[in-house]
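Asks: Chain residues, written in single-letter form:
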Amino acid sequence: MTSGPLELPRRSAKPRSTGITHVLDRGLSLRQIDDLVEVCGDSVDIVKLGWGTALATGNLQPKLDRLRSHGITAVLGGTLTELAIRQGRVDGLVAWLHELGLEHVEVSDGTISLDPEEKRGLIARLAKEFTVLSEVGSKDAEEIMAPYRWVEQIEAELAAGAWKVIAEARETGTAGIYRPDGEVRKGLIDEIAHAIDPAKLLFEAPRKDQQVFFLRRFGPDVNLGNIAPDEVLSLETLRLGLRSDTMELGG
Amino acid sequence: MTSGPLELPRRSAKPRSTGITHVLDRGLSLRQIDDLVEVCGDSVDIVKLGWGTALATGNLQPKLDRLRSHGITAVLGGTLTELAIRQGRVDGLVAWLHELGLEHVEVSDGTISLDPEEKRGLIARLAKEFTVLSEVGSKDAEEIMAPYRWVEQIEAELAAGAWKVIAEARETGTAGIYRPDGEVRKGLIDEIAHAIDPAKLLFEAPRKDQQVFFLRRFGPDVNLGNIAPDEVLSLETLRLGLRSDTMELGG
Amino acid sequence: MTSGPLELPRRSAKPRSTGITHVLDRGLSLRQIDDLVEVCGDSVDIVKLGWGTALATGNLQPKLDRLRSHGITAVLGGTLTELAIRQGRVDGLVAWLHELGLEHVEVSDGTISLDPEEKRGLIARLAKEFTVLSEVGSKDAEEIMAPYRWVEQIEAELAAGAWKVIAEARETGTAGIYRPDGEVRKGLIDEIAHAIDPAKLLFEAPRKDQQVFFLRRFGPDVNLGNIAPDEVLSLETLRLGLRSDTMELGG
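Protein chains in written order, with this note's numbering: chain A, 1 to 251; chain B, 252 to 502; chain C, 503 to 753.
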């Protein structure tokens, strides 16, 4: 970021606890990571290797090393944790995460059905060894959960030791906290925000209109997730009031 | 691909005759090809230089060389063959393909009208010098062909010497075997699959929901085409049951 | 571009005054610029650093230098000019543009309300020091401007010294000269083209169907803007009749 001729709002600096940009990696090469850092490295807090890509990508360990060298937190997709639960191999997963040098883990139940008690137990167990991001909400766009249950689950998972709770949207922004057409479930967000400090939440918001909603609702330092790598600079300009949609946030 | 803590289904290895991933190149640089190989080279079987991009790109010969050096088959878009037919320059095209060192050629009639007899004649002629991928289906979303005619054409083109027959979808997945909104014409697929071994077919399936349909219908080793370069790793995870949508294919 | 076996229409060469391809940069790295040049550098006339990204990107000066070294014109997004107007810092902006070595500037009022007189005054002032691209049309899809007012504004801005006038579409092609669903406002285009030489206009046309419309309406050397970097080669093939959609433009 350059000093320029305009007045801009202040932004938090890395490592941040709010204003987090959480990026969805669908298969970046090392060079693409370097490129991302060249363009907007200060805005990339967390890179999630989406769903089970970590097990299929040809550059796993070098990629994790590269992210670390750039001061970026890496975390594997929650789908891997769900698969490990389904296969009864959570111990194997934990050992493997340590081998890879990872310090964060995501616990979700977007695909499998997981007893809430069991999920909280897993969060509590993993929180002893990792920083835990837990995720609430189904990947199934048809599955609507009542707002009070969102609140209950989020509170319970924070109490169990989750560092932040991610509000599910899928890669497309069409499930969980969004309607199938991508519109924000505003009543749901209101109820969640009424009960829980937004600093403890990370809202998946892959689409620009969704990002704009959360920036207007909670301000430029809201935590946003599932951001595509080539949307990170755009999101940063939205945070800074440098794009038409949020110019009112600017100086 | 790393060994990890989970059980995964077995996948065929390169060079494969089924489980093919056929990638649509809209203008990759050499470095982008290297990046693709770093991330998921084992999953990239064929790269098609889309439509007539081969004649407009600034890096044609180096690109073909680079693909070859990575063990990836290159083929030019069928639109070039159609243009050569229209201009009465098929001999010139054949000579040029040899000059470029290409061993595969696509024969389509997605844009021009080609007498079926003439198309089969061309396939038979080219099959003496090249591995022929022929393509069935119109790029015009309005043009609906009856299932029995799909079957007839596919069978005739295989008999004429085509190695595989590609089922047309366009880059967007909204024509040929799909409705204009991208939904699979399931009845059509059923009739085709009833008559023809799917191993001889390559289904264009640019969208994730389309890929999921074919993986569920024919299993993880179905041949899929028109995959965007940055969708290849995602598709590989779908084949391996490492993504929510096809977790049931996994271990 | 290679010599090949087909007959192709002639294309203008750089530096061109018509047939311009104007590319929207949402955050390219230096390497991505090199890659773009490798693939289709002859087709990239202008790169616009979209909206306020210039103030947020980590590689501003090196990027501008790199573009210059490739013979590509760089210009910053009109949103920056609008922000400078809003903050009363136009002098600061002008000084900074000179510092950066830029020779082009965009003057728009897509977000802020700007008195037409004031806009023309600014164009006239900046035209003494820069090549001015002015932009007409709102980023607000709800704001419909009558065709005669488009014509009036475009004529007045050209008279004030604008080199070309850009017809607004947003990044998505859903405002200004397009309906919210991206369809071209054909009546509007007819009225504009009736009064003004299309060579003085640059039509934003991010979507392929929009590009096809303008190529058919005005021929292969129409000026098109807001082209995504990875759409430039596709657009070039459309100009050359090398893609199904515009094959009739070819040889």
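Note that these hints are calculated values from the structure, not bench results. The beta carbon of each residue, even a glycine, is placed where N, CA and C say it ideally should be. Heads up, some of the hints might be wrong.
The calculated label-pair distances, taken between Cβ atoms and stated as ranges, are [unchecked claim]:
| no. | chain 1 | residue 1 | chain 2 | residue 2 | range |
| --- | --- | --- | --- | --- | --- |
| 1 | A | 87 | B | 382 | 52 to 62 Å |
| 2 | A | 197 | B | 312 | 50 to 60 Å |
| 3 | B | 316 | A | 217 | 50 to 60 Å |
| 4 | A | 112 | C | 513 | 33 to 43 Å |
| 5 | C | 730 | B | 258 | 21 to 31 Å |
| 6 | A | 125 | B | 394 | 29 to 39 Å |
| 7 | B | 312 | A | 112 | 15 to 25 Å |
| 8 | C | 711 | A | 217 | 42 to 52 Å |
A few chain B positions that, by computed beta-carbon distances, are all more than 10 Å from chain C [what the hints assert, rightly or not]:
| no. | residue |
| --- | --- |
| 9 | 323 |
| 10 | 334 |
| 11 | 335 |
| 12 | 352 |
| 13 | 361 |
| 14 | 390 |
| 15 | 403 |
| 16 | 472 |
Subject to a maximum C-alpha distance of 30 Å in a straight line, what follows is the list of computed DSSO-like cross-link-like pairs (lysine-lysine) [as the list claims (entries may be wrong)]:
| no. | chain 1 | residue 1 | chain 2 | residue 2 |
| --- | --- | --- | --- | --- |
| 17 | A | 208 | C | 516 |
| 18 | B | 459 | B | 437 |
| 19 | B | 459 | C | 688 |
| 20 | C | 630 | C | 710 |
| 21 | C | 630 | A | 208 |
| 22 | B | 265 | B | 451 |
| 23 | A | 14 | A | 208 |
| 24 | C | 516 | B | 437 |
| 25 | A | 208 | B | 451 |
| 26 | B | 265 | A | 186 |
| 27 | B | 437 | B | 451 |
Asks: Each hint should be assessed against the structure and marked as holding or not.
Replies: Quick rundown of the hints versus the structure:
Between residue 87 of chain A and residue 382 of chain B, the C-beta spacing of about 40 Å breaks the proposed range 52 to 62 Å. Between residue 197 of chain A and residue 312 of chain B the CB atoms are about 59 Å apart, so this pair conforms to the stated range of 50 to 60 Å. For residue 316 of chain B and residue 217 of chain A, the hinted distance range of 50 to 60 Å is satisfied, since their beta carbons lie about 53 Å from each other. In this structure, residue 112 of chain A and residue 513 of chain C break the distance hint of 33 to 43 Å, their C-beta atoms being roughly 55 Å apart.
In this structure the hint that residue 730 of chain C and residue 258 of chain B lie 21 to 31 Å apart at CB is violated, the actual value being about 41 Å. A beta carbon spacing of about 59 Å between residue 125 of chain A and residue 394 of chain B contradicts the range 29 to 39 Å that was offered as a hint. Hint check: residue 312 of chain B to residue 112 of chain A, Cβ distance near 50 Å, so the stated range 15 to 25 Å is violated. Here the CB-CB span from residue 711 of chain C to residue 217 of chain A is close to 35 Å, at odds with the stated 42 to 52 Å.
Remark: the non-interface label on residue 323 of chain B is consistent with the geometry, its nearest Cβ contact in chain C lying 18 Å away (cut-off 10 Å). Chain C draws residue 334 of chain B into its interface by the beta-carbon criterion, the shortest separation being 5 Å against a cut-off of 10 Å. Some Cβ of chain C comes within 10 Å of the Cβ of residue 335 of chain B; the nearest lies about 6 Å off, and the non-interface call is violated. Listed as a non-interface residue, residue 352 of chain B keeps its Cβ farther than 10 Å from every Cβ of chain C; the least gap is roughly 14 Å.
The beta carbon of residue 361 of chain B is not kept farther than 10 Å from every beta carbon of chain C, the shortest such distance being approximately 6 Å. Separation of residue 390 of chain B from chain C is inadequate, the least Cβ-Cβ distance of about 5 Å not exceeding the 10 Å criterion. With 10 Å as the threshold on Cβ separation, the claim that residue 403 of chain B sits away from chain C holds: the shortest Cβ distance comes to roughly 24 Å. With a least beta-carbon separation of about 30 Å from chain C, residue 472 of chain B lies farther than 10 Å from that chain, consistent with its non-interface assignment.
Taking the CA atoms of residue 208 of chain A and residue 516 of chain C, the gap is about 35 Å. The hint is violated against a cut of 30 Å. With a CA separation close to 16 Å, the supplied pair residue 459 of chain B and residue 437 of chain B stays within the 30 Å bound. Taking the CA atoms of residue 459 of chain B and residue 688 of chain C, the gap is about 34 Å. The hint is violated against a cut of 30 Å. With a CA separation close to 36 Å, the supplied pair residue 630 of chain C and residue 710 of chain C exceeds the 30 Å bound.
Under the criterion of a C-alpha separation no larger than 30 Å, the hint pairing residue 630 of chain C with residue 208 of chain A is inconsistent with the structure, at around 37 Å. For a cut-off of 30 Å, the pair hint linking residue 265 of chain B to residue 451 of chain B stands: about 17 Å separates their Cα positions. As the CA atoms of residue 14 of chain A and residue 208 of chain A are separated by approximately 23 Å, the hinted pair is consistent with the 30 Å bound. As the CA atoms of residue 516 of chain C and residue 437 of chain B are separated by approximately 49 Å, the hinted pair breaks the 30 Å bound.
Straight-line distance between C-alpha atoms of residue 208 of chain A and residue 451 of chain B comes to about 42 Å, which puts the hinted pair past the 30 Å bound. Pair hint residue 265 of chain B plus residue 186 of chain A does not hold up; C-alpha atoms about 49 Å apart against a cutoff of 30 Å. Between residue 437 of chain B and residue 451 of chain B, the direct Cα distance comes to roughly 18 Å. Compliance with the 30 Å bound is thereby established for this hinted pair.
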